[in-house]
Amino acid sequence: MKKSMKTSNFLTKFLFYAGNIIIGIIFVSPLIWMISASLKPEAQIFANMNSISTFIPVQASLDNFKEVFSRLDMLQVFKNTFVYIALILVLDLLLNSICGYALAKFDFKGKGLMLNFVVALMVMPMEAIMLPLYIEMSQLGWVNKLPALVIPFVAKCFSIYMFRQFFCDIPDELIEAASIDGASPVRTFFTVVMPISKTVYATVFILDFVAHWNDFMWPFLVMTGESKRTIQLAIQVFFGTQPIHYSAIMAALVVSAVPMLIMFIFMQKYYIEGIASSGIKG
Amino acid sequence: MKMKKVSSMLLVAAMALSLTACGGSGGGSTDEANATGEASNETASSDGAVNLTIWSPTDKEAVEAWWTEKLAQWNEEHPEIQVSREAIDRSDSYAYENKITTAVTSNDLPDIFYVDGPTVSYYAANNIIVPISDYFSEEDLSDFVDSTVAQCTYNGELYAISSTESSVALYYNKNYLTDCGVDVADIDSRTIDNPLTWSELAEIAQKCTTDSYVGTHIIMDHGEGLSYALEPMFISNGKDFISDDGAVAEGYINSKESVETAEYLANMIANGYANIDPIQDEFLNGACATMLGGSWDVSILEGSAEFDWGVTYYPVSDTTKKAVSPCGDWSAAVSKDCQNVDAAGEFLKWLTNTENTATYAAAIAKPATRNSSYQEEAMAEYQSGPRAMFVEQLQNTAVPRPRTPSYSVFSTKYAEAMTNIFSEAASSHSVDTAYIQSELDGVVAAFQEDYDMYYAN
Amino acid sequence: MSNPSKLSGRKRNERVAAYIFTIPAMFLLFAFLVVPILYTVRYSLFQYQIVRPDNILFVGLQNYQKLLSDENFWLALKNTVYFTVLVVPFQCVLALALAMLVSSKFRGVAIFRTMYFSPQLTSMVVISILWTVLYNSNPNTGLINSFLTSLGLEPINFLSNAKTAMNSIIFMSGWQGAGYQMMIFLAGLQGIPRDQYEAASVDGANKVQQFLYITLPGLKGTIKYVVMITMIQAMKLFTQPYVMTQGGPKNSTKTLVYYIYTQGFQQGNFGYACAVAAVFFVIVVVMSLSMKKLIAETN
Chain A
1 MKKSMKTSNF
11 LTKFLFYAGN
21 IIIGIIFVSP
31 LIWMISASLK
41 PEAQIFANMN
51 SISTFIPVQA
61 SLDNFKEVFS
71 RLDMLQVFKN
81 TFVYIALILV
91 LDLLLNSICG
101 YALAKFDFKG
111 KGLMLNFVVA
121 LMVMPMEAIM
131 LPLYIEMSQL
141 GWVNKLPALV
151 IPFVAKCFSI
161 YMFRQFFCDI
171 PDELIEAASI
181 DGASPVRTFF
191 TVVMPISKTV
201 YATVFILDFV
211 AHWNDFMWPF
221 LVMTGESKRT
231 IQLAIQVFFG
241 TQPIHYSAIM
251 AALVVSAVPM
261 LIMFIFMQKY
271 YIEGIASSGI
281 KG
Chain B
283 MKMKKVSSML
293 LVAAMALSLT
303 ACGGSGGGST
313 DEANATGEAS
323 NETASSDGAV
333 NLTIWSPTDK
343 EAVEAWWTEK
353 LAQWNEEHPE
363 IQVSREAIDR
373 SDSYAYENKI
383 TTAVTSNDLP
393 DIFYVDGPTV
403 SYYAANNIIV
413 PISDYFSEED
423 LSDFVDSTVA
433 QCTYNGELYA
443 ISSTESSVAL
453 YYNKNYLTDC
463 GVDVADIDSR
473 TIDNPLTWSE
483 LAEIAQKCTT
493 DSYVGTHIIM
503 DHGEGLSYAL
513 EPMFISNGKD
523 FISDDGAVAE
533 GYINSKESVE
543 TAEYLANMIA
553 NGYANIDPIQ
563 DEFLNGACAT
573 MLGGSWDVSI
583 LEGSAEFDWG
593 VTYYPVSDTT
603 KKAVSPCGDW
613 SAAVSKDCQN
623 VDAAGEFLKW
633 LTNTENTATY
643 AAAIAKPATR
653 NSSYQEEAMA
663 EYQSGPRAMF
673 VEQLQNTAVP
683 RPRTPSYSVF
693 STKYAEAMTN
703 IFSEAASSHS
713 VDTAYIQSEL
723 DGVVAAFQED
733 YDMYYAN
Chain C
740 MSNPSKLSGR
750 KRNERVAAYI
760 FTIPAMFLLF
770 AFLVVPILYT
780 VRYSLFQYQI
790 VRPDNILFVG
800 LQNYQKLLSD
810 ENFWLALKNT
820 VYFTVLVVPF
830 QCVLALALAM
840 LVSSKFRGVA
850 IFRTMYFSPQ
860 LTSMVVISIL
870 WTVLYNSNPN
880 TGLINSFLTS
890 LGLEPINFLS
900 NAKTAMNSII
910 FMSGWQGAGY
920 QMMIFLAGLQ
930 GIPRDQYEAA
940 SVDGANKVQQ
950 FLYITLPGLK
960 GTIKYVVMIT
970 MIQAMKLFTQ
980 PYVMTQGGPK
990 NSTKTLVYYI
1000 YTQGFQQGNF
1010 GYACAVAAVF
1020 FVIVVVMSLS
1030 MKKLIAETN
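Chains as they are written, first to last, in this note's numbering: chain A, 1 to 282; chain B, 283 to 739; chain C, 740 to 1038.
If you are wondering where the hints come from, they were derived from the structure by calculation, not from laboratory data.
Every clue listed holds true.
The list that follows gives simulated cross-link-like pairs (lysine-lysine, DSSO-like), each with its CA atoms no further than 30 angstroms apart:
| # | chain 1 | residue 1 | chain 2 | residue 2 |
| --- | --- | --- | --- | --- |
| 1 | C | Lys844 | A | Lys13 |
| 2 | C | Lys805 | C | Lys989 |
| 3 | A | Lys228 | A | Lys79 |
| 4 | A | Lys198 | C | Lys959 |
| 5 | C | Lys963 | A | Lys109 |
| 6 | A | Lys111 | C | Lys1032 |
| 7 | A | Lys198 | C | Lys963 |
| 8 | C | Lys959 | C | Lys1031 |
| 9 | A | Lys145 | B | Lys342 |
| 10 | B | Lys631 | B | Lys342 |
| 11 | C | Lys946 | A | Lys13 |
| 12 | C | Lys959 | C | Lys946 |
| 13 | B | Lys489 | B | Lys603 |
| 14 | A | Lys269 | C | Lys963 |
| 15 | A | Lys66 | B | Lys352 |
| 16 | A | Lys109 | C | Lys750 |
| 17 | A | Lys198 | A | Lys269 |
No experiment lies behind these values; they were computed from the predicted model shown.
Working from the sequences, and respecting the hints, build out all of it.
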């Protein structure tokens, strides 16, 4: 009896892991392909595309990476990118979360209007307003300057709305308890609400980091000059003229994916903590 | 109270910003005044020298090194005209054009920028670039291949100047063709007066199409490549894309001859001689027997091909036997925002002199535009072999793409039509002449609408 | 007696705090989103060739009139709606399933999460290039078709046939995007108290029942949010058709944003592109606000 339960437990566990591994491989395959392509010579990248062997580098070498690092000042590129993304994210997490909190928990005139405003503005695609936004940057004298990369992208409807949705779920009693203790609404937010909302902050951080890390078109339009290159601009160096060197492109993309991967793995911590602190609800 | 003050200040700031933003938009005179102010600030440096800025697409290391070296040399020899270059990291030529377009809207253009050949007319007609005929004498221009001068000329004025050219011809896999019983020696022996004909190409493609090979490769980038690489087929069969004056498409791209050309190409797809969506490096990887490939493919094949290959002249129509070949490359132009066109003209003249043209062409691995450059040591590779064949085509049969301000509308619509025609051929395994006609008629309509709206007088 | 005045004091504090909290973000939204939108609306009333900002012509509602009879616009609208209607359920269900797989704490959970999220870490351009090759119509060069023919099936021209191109993009997009929504679901799942599950399992509820009666209701807010943002993002589809099909074949993958972009930049009809953008904006706003209302009513 005991033994059979043990085997069935083992079987469930085995199936669970097997399923996760198979699905995981399907999802991770492009990343694998990218890494494998970055290790191959140019002529091999699109060879054997009809078999699984395309995912395995045969004559692996680091030549492509050598080319990337000799062509680009990666330190400068990473610095440029980190500076602007860090500025966006700090302001993004602060301003959007307080805005989302007010829309979730405070009672004030114009709240409904603001909420509709946020939802409505969510829909505007960047491609449609790119040119007017550029004209505005030009009038502010921001073309080719850091503010053009940062300031327009601090306030995000998606982030505000997401913060609001999650703050809505925080029990009112918790906030009232703090205010009875004499804390102001502003203080309550920073001392009570923020510390228990790490998961949401982590989620917004991850999603916005990835979005800006992959952004090409806007930095391309407003920034000119090698010293101001962001990561996505730097990669374009290898598109150059015909013939396109995919081997170097893939190596550059792998290099560019590393910080994202590290960031993502690091942010996982807050998801585990999230589980631990979820007891506050109910 | 304090908070109220802050918030009201923010509101005022918001309103002020939105007012200035809306007020200053698009107005011609104010913008121009702004531009002059800014530009003169830029141009007049403390020691009175003229400063020029160049935009050109980022390129391979050898080209970047060439720019650094040459500009240092120029700046040392000409303290009164200081030139600097910004390498533009484009993802494709559309992205680069978007950057130019965006800069136009706010007068942020550099003094000199590089443009792709067929867009010269568009920028010229819209006064984005200015004529530079004064800086190049007729005698000087006669040293350039005709095709590049033609491509850079609009309304009788020279608007751009290029150091390099490009061309397309038919590559073939000798080992595989021999296996399929094709007379490779015959192809090897063809000359510019006696190139392969369409029917000969179709026959080779048929012989070579097997389970693991397709007979030939047609460029399928859904974009400019389709115009660039295939226009000579249309011209060879009797009708160009549009009229010589760049104003009329009716009776050209939708003519009986042009439909025939499209039919010929669609048949290649319908019969399975060519893939509808060929992979990158299809020829190099030994998946197709022949391909219409560019002059830039030579170096890749020399470096990586694991088979014996050859390249022969661009095929001709059976009815006319008229030899035509593609051409066109990036050219330097002077922008409307340039405050000192004379300085820019002088610089461009130096930039495209015989020696600089030769070394630049060698660095970027493209054929040079100047005939005299081929005497330079840097161009030694072009004396024989596949590279010499491309030069021969450029000097004798190259025809530039249509010179019309509505080119990009034409080209986009044409690429769409050809993609549709090929897609139909691939899924039905047959060719429908009426459908081809209707698609090409659509190209005419789109072109004419744009041309009539913005350029017809 | 003192109680009401204290309360109103608190209310006033709250109101002041509300404005301090909302105004910075609202100001930025206004300056960098509303102002460009106002420009867009303004330019939509002009005949405006993009490289001729000094030569624009006021034409009133002419661009909107043209739009009504522009079959490419209607086709783009149809394609966009088709994409949205199919991709939203696919992507959301997939994301929820993935989130359920990796929501509990087990050995290696971080690795699996990273794997599921990894398509988001790979640039869309690479993913599009890779899938273009995977979808290749020739079994000699395309992995999927090589698999199909080995099963004795006919190869499919995934991207080069008007009937299958959009569906191929839908499948790829759902697969690529699911990791994003998975993260939001994961954050939402953390909010469901553990003890509810414990109580349910003591009562003898099986996993399916727990999912239906605890997880789903507990995720209500998250699901609403996810469906809405997935829908809005789907309406903005651009990169995949831009890289993979250029809107073809036969316009079958031409979406509204793609149409706005090509009209405005490639074709230079900036005034007309602005009119399309304005109409697009109205359509999606109406759609998302009515959806928001609909969701509120079903509560």
